[in-house]
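Let the sequences and hints guide you as you build the complete structure.
Residue numbers (the numbering used here), protein chains in the order written: chain B, 3 to 426; chain E, 20 to 192.
Just so you know, these hints were derived from the structure itself, not from any lab. Ideal Cβ placement from N, Cα and C applies to all residues, glycine included. A couple of the hints might just be wrong.
Below are the DSSO-like pairs computed for lysine-lysine, each with C-alpha atoms no more than 27 Å apart in a straight line [to be verified]:
1. Lys304/B to Lys124/E
2. Lys37/B to Lys337/B
3. Lys402/B to Lys392/B
4. Lys162/E to Lys71/E
5. Lys327/B to Lys124/E
6. Lys124/E to Lys337/B
7. Lys303/B to Lys327/B
8. Lys327/B to Lys337/B
9. Lys37/B to Lys90/E
10. Lys90/E to Lys337/B
11. Lys303/B to Lys71/E
12. Lys89/B to Lys231/B
Over 10 Å on every C-beta distance to chain E, these chain B residues come out as not near it, computed from the model [as the list claims (entries may be wrong)]:
13. Glu83
14. Glu209
15. Tyr251
16. Leu358
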Amino acid sequence: MSTTYTVPIGPVHVGLKEPVTAWLDLEGERIVGAKIRPGAIHRGIEFMARERNPIQVIYLSERICGICSFSHVIAFIRAIEDLAGLKVPPRAQYIRTLVLELERVHSHLLWAGVACYTIGFDSAFHLGMQMRERVMDVLELLTGNRVNYGVATFGGVRWDVTPELAKAMREMIRYYRREFTPFREIVMADPVAQARMRNVGVLTRDEAVRYSAVGPTARASGLRVDLRKSSPYEAYADIPVEPVVPQDYFGAAHGDVLDRFAVRVLEVYQSLDIMDAALDGLPEGPYVAEPNVNKVLASLKKAEGTGWGIIEAPRGDDTHIVSLKGGDDNVFWWKVRAPTYANAVSWPLMFRGNELADAPLIINSIDPCISCMERMMVTDGGGDPLIVTKTELLERCRRKTFDLGSGIRTKGAGTGGLEGGTTK
Amino acid sequence: MKFFEMFDTNILKVLPKSLWVTTCNSGSCNGCDIEVVATLGPRYDIERFGMKLVGTPRHADVLIVTGPVTKFMRAKLLRVYNQIPDPKLVVVVGNCGCSGDVFYKSYNLDGPVDNIIPVDVYVHGCPPRPEAVIEGVAKAVLKLEALGKTAGKSAVHARRTETREPAAEEVAQ
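Here it is, written out as structure tokens:
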């Protein structure tokens with residue numbers, strides 16, 4: 003007769019970098035069920051934005067997440083530019099692409115290091131962190147900051163890429179091409195690392211589709227999804243990007259933690275190529291359409307409507323929907339759908355059949371950004387919890403969209419996402 | 020001989036030579052956390068001062084708190100603080116833990132951190148650079164030494180009584 007024990011992990015736990023609670027049902031060492039409760043560090047950012055003007059919200063949106071801060075800023079800015087019809091000069095689009103790719107490199111390197119730390123491979127963690135400092139240096143040269151860059155604004159960027167900076171970037175790209183391969187080989191060829199990561203936390207291709215996985219988590223399961231290809235934005239329209247999927251490199255996609263590691267590592271090489279191409283094609287011209295912030299604010303005060311911004315953040319699709327009201331200084335309505343929110347629902351599937359010791363590794367394997375995904379649930383303080391099925395939820399969502407009327411557009415950047423990529 | 024006499028009268032006797040650090044994320048945006056991780060990395064290398072990150076508060080001397088404290092994390096932060104053996108130091112890293120910063124009008128915050136636990140050193144910046152984190156922890160050591168020389172062990176214990184133990188139902192979550 004087997005007994006099931008429930009073991010809580012978190013909210014404060016050494017294996018987790020951010021507070022999230024997981025209850026794991028165990029039979030011996032095997033995990034047979036899992037329940038995740040987010041919500042520990044909800045700060046109410048969307049609510050706060052209703053008391054601030056769009057320029058202030060740029061800096062608030064950076065603080066949604068410190069790792070993918072620039073992705074959130076660009077998604078928010080693109081939503082505002084979409085609704086107000088602001089034009090962005092080509093040079094600014096290229097600079098945004100450069101910073102987005104620099105951010106992807108630093109995020110993936112951080113994740114690779116932390117993943118090594120989680121499996122107890124401390125020397126690889128330190129090797130990864132040492133390499134990451136080089137991209138942080140370039141980010142600091144370009145923007146003046148290491149984490150929250152404050153470099154983007156409506157209609158462009160705030161700092162230009164000077165020739166000296168372009169030279170530093172080229173040197174960084176050369177450095178990574180030279181130094182990154184040994185790191186990859188050290189970790190991926192290591193038998194202990196392979197034993198810890200191969201066939202752990204498996205998410206099959208069908209499950210990834212059914213549970214709407216995005217970004218590297220979906221690509222590691224073999225799905226060719228990448229918004230940079232399916233609905234290009236900024237300079238990705240000029241620079242071709244192919245989704246990195248493990249079956250192209252290793253013959254088959256397992257959808258396990260090692261595949262997620264491999265996808266992120268290979269995306270670093272891809273980012274280096276994109277940065278090289280963006281530096282080659284960097285157009286001349288102004289880097290911001292309207293440098294006077296007051297004029298931008300005055301034009302945004304008149305703007306009205308709802309805009310979309312959807313981009314490929316280091317963790318997957320990051321969607322921002324913003325609504326402005328004419329005559330109102332502040333943001334009227336703002337909705338953020340961060341990639342971790344879509345990926346976190348796959349956690350219970352990944353846990354099944356694995357051992358308790360692998361749980362922190364599986365939690366970390368989707369590169370979770372808890373601060374991005376926190377939601378608040380308002381209850382009336384009693385009664386039974388309401389359980390809705392996916393069909394009912396879809397119906398409710400459609401009814402709500404119908405009630406909103408013509409405020410939300412049905413066509414646009416948001417529609418090409420997952421389906422466009424999976425048909426290939 | 021003088022060197023050993025110093026230890027008789029102050030809390031350096033119970034303070035280990037190498038400070039061990041634990042962190043508690045009370046609602047931060049990760050920005051400060053990755054800078055703390057960078058501080059542990061090879062370039063800034065906090066281990067050359069004998070400091071290292073430990074997994075449990077029960078082994079730690081210094082608590083690094085990041086983030087404004089959300090309502091949910093209040094009891095957890097208190098519990099982590101109470102689990103650290105005396106004498107202990109609290110370093111707040113980041114503007115939002117010091118004052119609230121961009122989150123100052125949120126409905127879900129109980130912070131800043133000094134509303135909940137006594138704080139020794141504030142490190143400002145959003146996020147602070149790794150050098151600033153190192154400076155903050157070094158200042159905390161100096162503060163502990165000064166405190167020990169003037170008032171001895173009792174001063175550190177007096178601070179502890181200010182902190183309320185979390186109620187059982189708060190911890191139960």
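Verification of the hints:
no., hint, verdict
1, Lys304/B to Lys124/E, "26 Å, holds"
2, Lys37/B to Lys337/B, "26 Å, holds"
3, Lys402/B to Lys392/B, "15 Å, holds"
4, Lys162/E to Lys71/E, "19 Å, holds"
5, Lys327/B to Lys124/E, "22 Å, holds"
6, Lys124/E to Lys337/B, "18 Å, holds"
7, Lys303/B to Lys327/B, "8 Å, holds"
8, Lys327/B to Lys337/B, "15 Å, holds"
9, Lys37/B to Lys90/E, "22 Å, holds"
10, Lys90/E to Lys337/B, "22 Å, holds"
11, Lys303/B to Lys71/E, "51 Å, violated"
12, Lys89/B to Lys231/B, "22 Å, holds"
13, Glu83, "22 Å, holds"
14, Glu209, "28 Å, holds"
15, Tyr251, "28 Å, holds"
16, Leu358, "16 Å, holds"
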